[in-house]
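Colleague: What follows is each chain in one-letter form.
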Amino acid sequence: MRKIINDPVKVVADALRGLAAAHPGLRVDLEAGIVVRADAPRSGKVGLVSGGGSGHEPLHVGFVGHGMLDAACPGEVFTSPVPDQILAATAAVDGGAGVLHIVKNYTGDVLNFRLAADFAKDDEDIEVATVVVDDDVAVQDSTYTAGRRGTGATLFVEKIAGALAEEGAPLEAVAAVAREVNERTRSFGVALSPCTVPAAGRPTFELDPGEMELGIGIHGEPGRERVKAGSANEIVTAALTAIDADMPLRGSDTLVLVNGMGGTPLLEQYVAYGVASSWLADHGVTVARSLVGPYVTSLEMAGCMISVCRLTPELLRLWDAPVQTPALRWGR
Amino acid sequence: MNASDFAAWIRRAAELVTADAERLTALDAAIGDGDHGLNLARGFGAAVTALDGLPAGTTPGKVLIGAGRAIVSKTGGASGPLYGTALRRAGKTLGDAAEPDAAALGTALRAALDGVRELGGAGEGDKTMVDALAAAVTAYETAVDGGAGLPAAARAAATGAAEGAEATVPMVARKGRASYLGPRSAGHLDPGAASTVLLLRALADVTGGEG
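Chains W and B, in that order, are what the protein sequence lines are.
So that you can map any letter, position 229 of the first sequence is 229 in the UniProt record's numbering, and since no number is skipped, the others follow by simple counting.
So that you can map any letter, position 191 of the second sequence is 191 in the UniProt record's numbering, and since no number is skipped, the others follow by simple counting.
Don't take each hint at face value.
Think about it this way: if two alpha-carbon atoms lie no more than 25 Å apart in a straight line, the pair counts; the simulated DSS-like pairs of lysine-lysine are [as the list claims (entries may be wrong)]:
1. K10(W) with K62(B)
2. K74(B) with K121(W)
3. K74(B) with K62(B)
4. K92(B) with K74(B)
5. K121(W) with K62(B)
6. K92(B) with K62(B)
7. K10(W) with K92(B)
It should be emphasised that the hints constitute simulated quantities derived from the structure, not laboratory data.
Next up, chain B with everything else stripped away, as it sits in the complex (with noise of 0.2 Å):
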């Protein structure tokens, strides 16, 4: 993948969410403040004009800091701080290179995995983002491992993150705003999960990868 692929990401990331923000702040308003899908439209439109403002002949690591850096100053919430974060330690993680491949962006994805946990504070079985994040990048991971090349990697993360998803719709909730319910949050799809297999999924869109 190259910086015009990774922007072909975020861009799909932000149609996918743009286009599911009524379902997503229907989620949220069941266990939480009704507000993530607004919110969530709002922050990647932002990355996509960051990512408009970005000089030519720019890297995948600052195309994925730039956009992570927008979603910083302009999504607010819980979910603004830790897709952003997500994004900026993937950016940074890939460093300089111009064209990673399967192995580095796999990566750069775990560290974005560590980097929601360690702001966040949340593990798995929490009934949060992380619960399809890490879905997605054990999935990924295993795939790279079995010699997948990134586009299968890519969907084979995709699916996780929808089986992470899932995962969270009997959980009782440890963190975030649905933790105030109690029992009262289990049987409700976790919104940032629900978000987080989108982003999975604009990447295996993009990158063509087969199921």
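Here chain W stands alone, though its shape is the one from the complex (with noise of 0.2 Å):
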């Protein structure tokens, strides 16, 4: 696998300056590793942290900005941000209000926004809530599992929740809307080809051309189970009918993702769209508003992932809500 890098160890902190060279209404701070809304902190607004493992771009990083993130803490290629990271972005955008940390279902996350909360809360005196964002269906026995993982739900999370925060809203309703979208929100992803860690420098599962992996989650690892690849049909109506099986859509107006991998083409994430849309109107779900594209990645895996989310007046309007951030951006 080509790979345009310097330094396979370098490589998030290379990407970064690029990133704050590219955006200059970002404040990114090599030194603590964390992206930080220029304006921040704003007093008395409910500060909003998310973060996680490089390779998902634009989550989180491309999110930081008016009306969604105000602060990213990027960890190494796939791994999760360690606590001191996390910690000097909440330091960073706590306006008064409180912070909220909205974080993937992965162990290694959750530990490290575990032990930053503890840190920030005794050490800084802040108060920090925390939102866990599962909704990866592919996960079915969360019993025996570590739950299900944080896919394509958070981009939603972090949507919705800023536009509450950027109203001014206290930090138990902030929290709140989060934990409602999260709950509200359900993702199956498809993978057709594995990704390459640029410093493992080999691809994290072996695929063969024949072969797709149903269920898969967004660091590169494997997923539920292995069968012959499909069409684009075959594709999107499977990952609409486990998203179906487990939160039953009928007659709801709903947010939908077609949200490529990274290794897939926007064209095929149209073809998936296109599928999905028909899929959903023949099972009398309302589409009241679509998002097409790379949100939520994983380095240059190809294949998609669905996330539907059902939505109530209140959601939509805050959906609606003026973004601006480098990857997500209307209303203003």
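Hints in hand, dock the two standalone chains.
Modeller: Put into structure tokens, the structure is as follows:
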């Protein structure tokens, strides 16, 4: 796999340098390893901090800005950020109204954010609430696993909670809407190829050309089941059937994300969205808003993930609220 | 063991982890995401650097707390908080003792295991580092109860850890990233258990215990 890198162990720092140069509206602190809104901390506004392994761009660093995150903590590729980073981000965005940590449900992310929240409360006297995102229906038996993974719903949570925080809502309300979005969202992903972590230099798993991996996460890990590669119709139907079986969609107003995993062209993502749109109409589901593109990626993995959120009028209003970040921008 | 022996333990652990980083990463690629060796080598490297900054006349407890804090700060993943917590708990349990004996080290190792269990929520049989660490602590305590000195008990702990790690091979993972594979996780050595073996082997190496 050829990559545009200089040094595999410095790829995250080098990318942050580029992010800082491309987006002067962001404060990129290379020393602390955090990306912060230029106007943070805003007095009286709840601060939103998220983070996770790098390699999922634009998640999370591309979602820092007006109406979304106040700070992001990018870890090494597919490795959670460390507590010092999370603590620095938390302190940087605390405007006295508390800070919400948005954490994808992966063991490393959960543990590092938990330690950071403890340090923030004990050492800095900052009130921290935590929302763990776990929308991935591919993990069926959460009693015998680390639980469902956080995937596409993370974008919805960050956007909608960010909009409410921007309006000046208190920490409790921002955390509650974040949890509500997570509870109303389900996702399912399919991989057609693995990806290669730069520092490891080889693919995270092997997949024959005739095979696809159903129920993937976003860290290049293999999924639940390996089957014969199918058409767009088969892939999208498998994903939506799994989502609908877990959270019946009929009669709902929905927000739908067809998310490219990094290596699948936008052309194919629109093919997938076309299939999804027909499937949803056939099953009595209204699509109120949609988003198509690579938003929560897994390096150059080929494949797609579909996320569906059952909206309420209030969630729709918050989704439509102005947002200005490197990767998501409307209304402003 | 005095403070410099404890520092030697951490240094030896860093050597073993660095030497085995590729193997740990390969184990992780099979059932996780393929970064365990890289992360742990970075974390233990940071721990060694932190040891260099400790003042002369420091205590064994402070050595472990300092190393643990550095590992928490630099490792990332799940292994950073877990190994960092293990060392910090052990260090706090040792208190101000200048030269803990075999029994005191046993109490500290037991506290490390409890810390890992509490933070990670894993128990024995979940195919995690707990399987290796619990077997090591039990073997250490059994050896001390049988009258063994610290070196022999440390060697027993290393052997126990290796057996506990080996036992993870047929297990189906119930915690950590491997759990997403369900039954497909069976047949693989757990990478966290494998790295735990290195930590206990390092302890046996620096105390010079014979098998």
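Colleague: Flag every earlier hint the structure violates by its number, smallest first.
Modeller: 1, 7
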